[in-house]
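Keeping their order, the protein sequence lines are chains W and A.
With the numbering used here applied, the first sequence corresponds to residues 18 to 778, in that order.
With the numbering used here applied, the second sequence corresponds to residues 18 to 778, in that order.
It is possible that some hints are incorrect.
Treat identical chains as interchangeable: a pair holds within one or across any two.
[Said to hold, decoys possible] Below are the DMTMM-like pairs computed for lysine to aspartate or glutamate, each with C-alpha atoms no more than 25 angstroms apart in a straight line:
#1 K47 - D214
#2 K437 - E398
#3 K47 - D520
#4 K47 - D125
#5 K243 - E589
#6 K243 - D586
#7 K624 - E592
#8 K35 - D520
#9 K551 - D610
#10 K310 - E765
#11 K243 - E592
#12 K320 - E73
#13 K243 - D478
#14 K440 - D641
#15 K243 - D549
#16 K309 - E431
#17 K47 - D127
#18 K275 - D31
#19 K35 - E191
#20 K611 - E556
#21 K551 - D565
#22 K243 - E479
What the hints contain is simulated information worked out from the structure, not anything from laboratory work.
There are 2 protein chains.
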Amino acid sequence: MNTCVIGKGLPRIDALPKVTGTAPYTVDLKMPGLIYGKILRSPLAHARIKSIDTSEALKLPGVLSVITGKDVPQNVFSFYQWLADKTILCTDTVRYVGDEVAAVAAVDEDSAEAALALIKVDYEPLPAVFDIDAAMAPGAPLVHEDKESNVTWTVQRLFGDPDKAFLECDYVVEGKYVTQQTAHTCMEVSNCVAKWDTSGRLTIWVNTQAPHTQRQEVARLLGIPKRNVRVISSIMGGGFGSKLVTDMKVPIASVLSKNTGRPVKIVNSRSEEFCTAKTRYPYTLYLKTGAKKDGRIWARELKVIGDTGAYHDKGPATINFASMMFGTLYDVPNMRFDGMLAYTNKEMGTAFRGFGNPQFTFATETQIDELAAKMGMDPLELRLKNANQPGTETTCGAEICGCAMTECMLAAAEGIEWDKKRKEKGKNGLRGVGLANMVHTGGGGRFYGYNSAEAFVKLSDEGTVTIITSALDMGQGAHTVMAQIVAEELGVQMDDVNVISNDTDLTPYDLGSWGSRATFMNGNAVLMAARDAKAKIVEAAAEMLEVDPGSVTVSEGKVSVAGSAVLHDLAEIIEHAVNAHGNPISGAGRFVDKLPEGYTIPTAFTKNIPCFAFGTQAVEIEVDEETGEVKVLKVVAAHETGTTINSLMAEGQIEGAVAQGIGYALMEQVIRDENGKVLNDGFLDYKIPNIGDVPEIEAICIESLGTNGPFGAKGIGEPGLVPTAPAIANAIYDATGVWLRELPMTPERVLRALEEAKKST
Amino acid sequence: MNTCVIGKGLPRIDALPKVTGTAPYTVDLKMPGLIYGKILRSPLAHARIKSIDTSEALKLPGVLSVITGKDVPQNVFSFYQWLADKTILCTDTVRYVGDEVAAVAAVDEDSAEAALALIKVDYEPLPAVFDIDAAMAPGAPLVHEDKESNVTWTVQRLFGDPDKAFLECDYVVEGKYVTQQTAHTCMEVSNCVAKWDTSGRLTIWVNTQAPHTQRQEVARLLGIPKRNVRVISSIMGGGFGSKLVTDMKVPIASVLSKNTGRPVKIVNSRSEEFCTAKTRYPYTLYLKTGAKKDGRIWARELKVIGDTGAYHDKGPATINFASMMFGTLYDVPNMRFDGMLAYTNKEMGTAFRGFGNPQFTFATETQIDELAAKMGMDPLELRLKNANQPGTETTCGAEICGCAMTECMLAAAEGIEWDKKRKEKGKNGLRGVGLANMVHTGGGGRFYGYNSAEAFVKLSDEGTVTIITSALDMGQGAHTVMAQIVAEELGVQMDDVNVISNDTDLTPYDLGSWGSRATFMNGNAVLMAARDAKAKIVEAAAEMLEVDPGSVTVSEGKVSVAGSAVLHDLAEIIEHAVNAHGNPISGAGRFVDKLPEGYTIPTAFTKNIPCFAFGTQAVEIEVDEETGEVKVLKVVAAHETGTTINSLMAEGQIEGAVAQGIGYALMEQVIRDENGKVLNDGFLDYKIPNIGDVPEIEAICIESLGTNGPFGAKGIGEPGLVPTAPAIANAIYDATGVWLRELPMTPERVLRALEEAKKST
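Build out the structure end to end from the sequences listed, making use of the hints.
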């Protein structure tokens, strides 16, 4: 391996256009004939549509098309087609405040907005349910009348004999944990332009994390062949999972474009973004953990009920994925897991950084501390006793290859001065320290039966390189990582590398950027493509220098021949190949990561995960006894990266995720009134951490061996958010002696917990 | 070979968007912050710039940048860098009416135009030369003062011993022939948008026939690395050679963009297009031909002087190329060729459909008729006696592999009813028939020492195909041809094929679309890519069906196994490969056509040509004795296509070229006043054939064997224009007994020739 590029904290290749405001986002797109679409959304959480009158809207000057449910293809959609429950526009029933009822295209945004106000919809209100208790109560109103129940999906998993095992435990703790609905709060709202041209081809510019699967979904929604759809995703102002599954504005803009023969742009208002762009799934978790007196965790049982909202999306996948992590974090020999999802009349959930794992980890990692407290054991010690070790296989089948779980714990504890700070309790007012572990996939999953990526590189006669990859950069820096991998392998400068991506016509089929998979999957494909090109360079050099190919070495941008001190520039070789022989040099790579022999999609469980990334966060906090406010003083986040490709960006990913984790832990929540309407639909009311809320974060990248990522790298996109909330909760207990079991841990909740604790003593 | 697609007259894949006006051309491009550039051009043919005052222009509201020669990189440019003579903007001297003097960028076109009028330029007029006689006269004013002479380039070639051979001839004819300056008259004018972004990367959208070489040229002009330049060519409204070499508006727009930080659009007015977008080179040709009495052409001598205009461009190449065709059309054992180029103070010439060949062929093919007349031999018979035969090599080294020269002559003669019409002379007033032969490259040339192309195809899980090719569609239908080749090879429907092209970041390095090379070169690469993908389909099918790959056949879109009657859809196999294994299927192809062993660029001459395409046109015309007007009644154009890929488009290419040939023969000419200013700079004054001028054209595609084009195809982009003018001239002689030796053969010239003939009898 060269050491010019990998591991360095290089600036992002797209930094300059982004910070100077010249980088074009989808919303900046202009084109001839462009018109604007707006969506009329339901003001009621549950109602029957008795009639819609669009005649006045159609009369408004500048309005070119008005559509309702009957004007669009009637295909029923969901990410999982077997759970299909959503039409492009509602036909007879609306199921949450924000549901799509009608849409308008007009020559400007103001006319479109004015036309919405002229559409008359006659609703008959229906009873609604807003939480899982109401939704699952006997005789509850059905969110979907055609279903038998609001419970739409269940899953069970069993390892060992937990009933027997709990009887063998010396200590058992159990509790109910509640997590909230949070918004992705991307700086760039959901938006798209659709252009349905005269040849019947539909081009969609949309800020999506998965252009190829979005293409399939749009084709399915509109009932047209995939070949007629092209999806182009420009640079993005944040995704975090919210831009994986097709938003209905895309087929709506497409139909409006077809009707008018004009390209149609639809952009969410910030309010629409909060009310309709989907959220993290709120889970209610019932958890029980038992240990033997030597500290061995012996039995676990978890029941989780997910609130899926009004429609299906990624609900089953998040619970399934999180259950794999639940089964993997510690190797517990006896485990029972029950999961279910229930409909409510709310905005639906979707993928969100961590994908169910932050919810689970909040419950499991605070309960570990509760167990330690009950046992009178240091919670770090309890965790170290139960830590996974490299080269083992857990009860639930997880193959722990490269694993730096113990190193992460020790690094985080050292960073926060664990022993010293634990002893100081009481000396600094209500200060405390806490820590929590996590495990996550380091490279997506084989949830389709495989996990694969393809890439191409082509070299110009100047020795510059173009990478064609499906690695999608939603702001996380995937393009920079791809460029570094190629620059490293071919020994060229970062400036010499250009990345082409994000257009389904150009790039190879790909599952998209999610599950921390881009570095691992696309990175591997890009590395293989660079190696293929390198082999051709060796061949060309051997021909040019009239030597045996076996004697040629390419290293750090120079070509040399064994036994000679002469170094040739890469560009010199390529120029010779191109200009003397018309032989441009390019390379192709395909990385396929299949399920192990004998496993299928239903049986694979943790075999779905190509590699695991462990991590530990330790925090120091201070509780204000008067207000209940929790101030985070310091976070030490030690995460396993395999090999760090870009230290600056890896640390940036961890820091950003920790900030998001602090928001999740302490302040963020979508709040609704009694009719299901979102009350905090803007950044004035929906509080995310600002610079004053984010403390010093010490991000530590722990390198480990044994993974098959590019140069040994693992994905680091999501882990940083996963253990922050339980680490804070554990620190609150350390400071105050009270357990917080519901997120967010707002001042009100902390104050109430402190008061109840006082009362009971 | 399948027979589903190849040879069929299928509609173009881009027909619908084009005819409905929705296809976006570069000129339609909009983007955030777009501003507009205009160029101040010299009103004088030759002058010294004493001073330029831009201060008033800069004060005009809306004007963002004004540049002159001192504000741009001072690199001196030509297509051939060894002939470099042009700067981006003139610094001290202007050399033709239209030369670039200054440029303005403003928020709208009107402000930019108004600013031009406020730039004060003080010129000192210099004496100018407007034709080669004046330019080559002793003591003539020098167009470039730093050169020794206006003669800038010469070439000589000698085969056999022509001096001795002429003495052995029984018949000798000689004459002077003059061809004119004509405009390409593309429906879409030259235009571009340049965007120099904050990361230092320059993106250029420009209607170019050669994005990759244009990228190199722009980098050279601006003195920046090629890697910082991206060239994107959208669909084009005609090229014909005018859009091969970089127009100065491209570096001008680039500098304006760099200065303002905004994307800059510059669009030619129609007048600018006529006065500055370059023309066909006017040649003066001195030709002598000798034959033995049995009809064998025994000796030939040609001296040609090209008028290159004020700057260099493709002048040497056109003369070199045409001399190869001159040496190849008939195998004459003794030949001398002298070529030279001279500067004049006029708009410069460039590539134009036929590339020097129409000029040469006008002289050579009318002189064959003159020779036949002198010998009392039927001109068709004389040509048949001297026709090239397949599998021979000519004196000048041309390898005549597949060759249907005789078949073309016989088909054209039959189509025009040659024997009958020749005998009818005098019966139908001044009607006559004439014919002419031509030969042209059928696949570009190895002028860079090689001729190469690369392509990729990728298949979606639906079985649809995306082609990534550099085949540039300038309106000639190259994308449709590429789609047909792939559809044929993989047996998919045309609707299932999509073509990606024209972006230097995306497509492989390529020399561009010129010299009738796209079908031959890019077509071969695309075919090889499709074959590569097909091999992978066979592999995937064998795996899926659990059979030996050797027993799998892919034919007409179906996959079958030897011994089984079951047909599997292609899509079924691909879907299996993708969805079961994450193995998308793609293919790569590279076609390299090198000079034969032992030849180099200086010695190769006709070895440059990968295959020859012969053709014959026969015409019937009528001369109006009162007005001198020549009316073309019918054209039969028999052209060798090897294998016709698309009969509709091949015939369309021939018909369009014949129409352009009629314009060249009878009416088109750029006319200047005595100061060098173009007088006919619009379609009202510059006459091109309209529907009333174009007669019935019978286009006959003659298929022939022996070429290595895709499925045996040859290029047919240019040939149709080459022999039209001499065929008409020969028909005029047949009708009237007078020889026209200057183009265009306008009514005035015909009338004058008729009058002179009357006087001399």
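Against the structure, the hints:
| no. | hint | verdict |
| --- | --- | --- |
| 1 | K47 - D214 | both (16 angstroms within a copy, 17 angstroms between copies) |
| 2 | K437 - E398 | within (15 angstroms within a copy, 110 angstroms between copies) |
| 3 | K47 - D520 | both (18 angstroms within a copy, 20 angstroms between copies) |
| 4 | K47 - D125 | both (13 angstroms within a copy, 17 angstroms between copies) |
| 5 | K243 - E589 | between (43 angstroms within a copy, 15 angstroms between copies) |
| 6 | K243 - D586 | between (45 angstroms within a copy, 17 angstroms between copies) |
| 7 | K624 - E592 | between (46 angstroms within a copy, 24 angstroms between copies) |
| 8 | K35 - D520 | both (20 angstroms within a copy, 23 angstroms between copies) |
| 9 | K551 - D610 | both (23 angstroms within a copy, 24 angstroms between copies) |
| 10 | K310 - E765 | neither (36 angstroms within a copy, 115 angstroms between copies) |
| 11 | K243 - E592 | between (40 angstroms within a copy, 13 angstroms between copies) |
| 12 | K320 - E73 | neither (52 angstroms within a copy, 78 angstroms between copies) |
| 13 | K243 - D478 | between (36 angstroms within a copy, 9 angstroms between copies) |
| 14 | K440 - D641 | within (20 angstroms within a copy, 115 angstroms between copies) |
| 15 | K243 - D549 | between (31 angstroms within a copy, 24 angstroms between copies) |
| 16 | K309 - E431 | neither (27 angstroms within a copy, 104 angstroms between copies) |
| 17 | K47 - D127 | both (17 angstroms within a copy, 21 angstroms between copies) |
| 18 | K275 - D31 | between (35 angstroms within a copy, 18 angstroms between copies) |
| 19 | K35 - E191 | neither (48 angstroms within a copy, 70 angstroms between copies) |
| 20 | K611 - E556 | between (32 angstroms within a copy, 18 angstroms between copies) |
| 21 | K551 - D565 | within (15 angstroms within a copy, 33 angstroms between copies) |
| 22 | K243 - E479 | between (38 angstroms within a copy, 7 angstroms between copies) |
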